[in-house]
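Peer 1: Here is what each chain is made of, one letter per residue.
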Amino acid sequence: MAVTVAHIPEKIRRQTSWTATLRGYLFILPVVLGLIIWTFGPMVASAYYSFTDYKIIFPAGFVGAKNYINLFTRDKQFINSLSVTIRYAIMFVALGQVTCLALAVLLTQKVRGMDFFRTFFYLPIIVPYVASSVLWKYLYNKEFGPIDGFLELLGLPAVNWLGSQDTVLLALVLMSVWSSATTTIIYVAGLQHIPEELLDAAKIDGGNGVQRFIYVTMPMLSPTIFFNVVTAVIGAFQFFTPAFIMTEGGPAKATYFYNYNLYEKAFKWLEMGYASAMAWVLFAIILFLTFLIFRSSPLWVYYDGEVR
Amino acid sequence: MPFIEGYGGKVLSADGKKVLLSSSESLAGLQAYTDMWTKDGIGKPADFDCGGDCFTVGKAALNFTIPGPMNALRKLNPQPFKWDVEVIPSFPNGKKVTGMGTYGFGISANAKDPELAWQFIKALLSVKTQKAIAMDYSGMPLQKSLRKDADILALAGPPDNIEAFMSNGENGITPQYFPGKCGSLYAGQINTEINDAFDAVVISKKSVTEAFTTANDNIQACLDGN
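Respectively, the protein sequence lines represent chains X and E. Residue numbering for the first sequence follows this note's numbering, beginning at 1 and increasing consecutively. Residue numbering for the second sequence follows this note's numbering, beginning at 309 and increasing consecutively.
In case anyone wonders, no lab produced these hints; they're calculated from the structure. Warning: the hint list may mix true and false statements.
[Unchecked claim] When the alpha-carbon atoms are kept at most 25 Å apart in a straight line, the in silico SDA-like pairs for lysine to any residue are as follows:
#  : chain 1 : residue 1 : chain 2 : residue 2
1  : X       : Lys137    : E       : Thr364
2  : E       : Lys489    : X       : Phe62
3  : X       : Lys55     : E       : Tyr494
4  : E       : Lys514    : E       : Met344
5  : E       : Lys489    : X       : Thr73
6  : X       : Lys268    : E       : Gly407
7  : E       : Lys325    : X       : Asn70
8  : E       : Lys367    : E       : Asn503
9  : X       : Lys66     : E       : Asn469
10 : X       : Lys268    : E       : Asn469
11 : X       : Lys137    : X       : Val111
12 : X       : Lys142    : E       : Phe363
13 : X       : Lys137    : E       : Phe356
14 : E       : Lys489    : X       : Ile56
15 : E       : Lys439    : E       : Leu381
16 : E       : Lys352    : E       : Ile415
17 : E       : Lys367    : E       : Lys403
18 : E       : Lys404    : E       : Gly480
19 : X       : Lys268    : E       : Ala340
20 : X       : Lys66     : E       : Gly488
21 : E       : Lys403    : E       : Ala322
22 : E       : Lys489    : X       : Val63
23 : X       : Lys268    : E       : Asp532
24 : X       : Lys76     : E       : Thr522
25 : E       : Lys439    : E       : Pro467
26 : E       : Lys514    : E       : Ala340
27 : X       : Lys142    : X       : Leu170
28 : X       : Lys268    : E       : Gln484
29 : E       : Lys514    : X       : Lys55
30 : X       : Lys76     : E       : Thr521
31 : E       : Lys390    : E       : Ala369
32 : E       : Lys403    : E       : Asn469
33 : E       : Lys489    : X       : Thr52
34 : E       : Lys347    : X       : Asp166
35 : X       : Lys76     : E       : Asp355
36 : E       : Lys436    : E       : Lys452
37 : E       : Lys383    : E       : Ile460
38 : E       : Lys325    : X       : Arg74
39 : X       : Lys76     : X       : Met91
40 : E       : Lys403    : E       : Thr373
Keep in mind the model is a prediction, meaning the values are calculated, not measured.
So here's chain X without its partners, still in its complex pose (with noise of 0.2 Å):
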């Protein structure tokens, strides 16, 4: 027999509505208790630690904005930390959106054992960072690695990847590119959702395929690049574990991210109020950048119905 709620009583439906709140409450807890504790509260502890000369082994002292000043005006590892996390950040984002829309593209198309393509070009990201950076160390290597030697039977020379200030910074954006699976899936997503008749329609007015990629898919897809854009900008200035495995900030700081900078100065300075207005100057660096991306949308983010 159905009952309506109107026919429960009031004061049991409030009952009913009170414990079911508590219920959801007590669902997010574990959530919420993980995120205070965990994420808040430490982010809270670098806020002030920032602005003291905290170094683990002796008590943190109130410095005020010294910390700050010195990143800006005695740092020297600051600009150059900085600038080879620029660097890579432009070379990755332009490299990776460009390969991965391609592989996005190519993965959509109707041929036969699509689904094995699909899994296939998703493995890397099951291989966890740490593994990855070993195994690319090794591909790297001059002396022995299978990239030289491909590179040698071609006749052409080894290139010393990870040895040379030149190439050292290409090699670990030619690794994150490799490792960018998710970003191909969220583009095959993006690509499947544009409306067949669209493309139909601009097939039957006689745009070739060039043109119905340029006109009909990237207007339409143009969300997913935005969201696409905006992680891997945030992911590459946030991008530390190969440079930690691979090539420990070498060779001569070509490859001194300003995370790994951040990480030297907390944990083999121990300058743990120094790191945290380091890591405080990075987020207000990666806000800013998205705040600019979000800005620019307007002139090149294009959402399905909306009238220009």
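Guided by the hints, dock chain E onto chain X, whose structure is given.
Peer 2: Okay, now just chain E, sitting in the frame of chain X:
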């Protein structure tokens, strides 16, 4: 440090206030040290990944090292090559100088049982334990009384010339202590500045004078600021 002192230089003035890396004697030592990479080609190339320890995998003929790795090297079965140890050659002033580590044990002020901790440290530094460490090829004994110990000197090779390690204590200098909060030769800003200067010479091909004068000035600024 051995190269700097072998050429008559010092890392720091006696009062601990002035960094002396850019003195002419220190620079001469640093030049000789970096020449092993930039001129003589006998140092492990800084841009080369041997796929492990270069000496162990047979990619380097020479290895400046402490006694500790002997144990691991001896455990390689079969032994990949014949090896032995020798005291480093004399510097131009005729002196042999080599780096010498220390046992950095300490007892925390908040230790629950400082007396027990003290007994433990004394046991570690006892003749019995130190001899056991040497007999295991894991280090050289601290006690001078063990320097001519027949059992240690009669240890089966490799290395056949283990006496070189034993007698080299005569030439040892301990790491320079730096006051303040700028780190040490092994950690912190001082370590980073010196490593950066080395990279600048060996990888970026800067002059020893330019690279180590920069390191000298940066470390001095840190010491002055602390």
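Peer 1: With a cut-off of 25 Å on the C-alpha distance, tell me whether lysine 76 of chain X and aspartate 355 of chain E pass.
Peer 2: Measuring from Cα to Cα gives roughly 24 Å; hence the hint holds.
Peer 1: Taken at face value, is the distance from the CA of alanine 340 of chain E to the CA of lysine 268 of chain X at most 25 Å?
Peer 2: At roughly 28 Å apart (the allowed maximum being 25 Å), alanine 340 of chain E and lysine 268 of chain X break the hint.
Peer 1: Against the 25 Å threshold, does the CA-CA distance of lysine 439 of chain E and leucine 381 of chain E hold or violate the hint?
Peer 2: holds, 20 Å
Peer 1: Within a Cα-Cα threshold of 25 Å, do lysine 404 of chain E and glycine 480 of chain E meet the stated pairing?
Peer 2: It holds: about 8 Å lies between the C-alpha atoms, which stays within 25 Å.
Peer 1: Does the structure keep lysine 142 of chain X and leucine 170 of chain X at a Cα separation of 25 Å or less?
Peer 2: Satisfied, since the Cα-Cα distance of roughly 15 Å is no more than 25 Å.
Peer 1: Starting from lysine 137 of chain X, check that the Cα of threonine 364 of chain E is at most 25 Å away, please.
Peer 2: Holds, at roughly 19 Å.
Peer 1: So if I understand the rule, the pair passes when the alpha-carbon distance is 25 Å or less; does lysine 352 of chain E with isoleucine 415 of chain E pass?
Peer 2: Given that 25 Å is the threshold and the Cα spacing comes to 38 Å, the pair is violated.
Peer 1: Take a quick look at whether lysine 489 of chain E and phenylalanine 62 of chain X sit within 25 Å of each other, Cα to Cα.
Peer 2: holds, 16 Å
Peer 1: For lysine 367 of chain E and lysine 403 of chain E, compute the direct alpha-carbon distance and say whether it is at most 25 Å.
Peer 2: violated, 30 Å
Peer 1: Need the status of pair lysine 514 of chain E, methionine 344 of chain E: alpha-carbon distance at most 25 Å?
Peer 2: holds, 15 Å
Peer 1: Between lysine 325 of chain E and asparagine 70 of chain X, does the CA-CA distance stay at or below 25 Å?
Peer 2: Given pair lysine 325 of chain E, asparagine 70 of chain X holds - Cα atoms ~22 Å apart, limit 25 Å.
Peer 1: Regarding the pair lysine 268 of chain X and asparagine 469 of chain E, is the alpha-carbon distance no greater than 25 Å?
Peer 2: Judged against 25 Å, a Cα distance of about 37 Å means the pair is violated.
Checked against the numbered hints listed earlier, the structure breaks hints 9, 10, 11, 16, 17, 19, 29; every other hint is satisfied.
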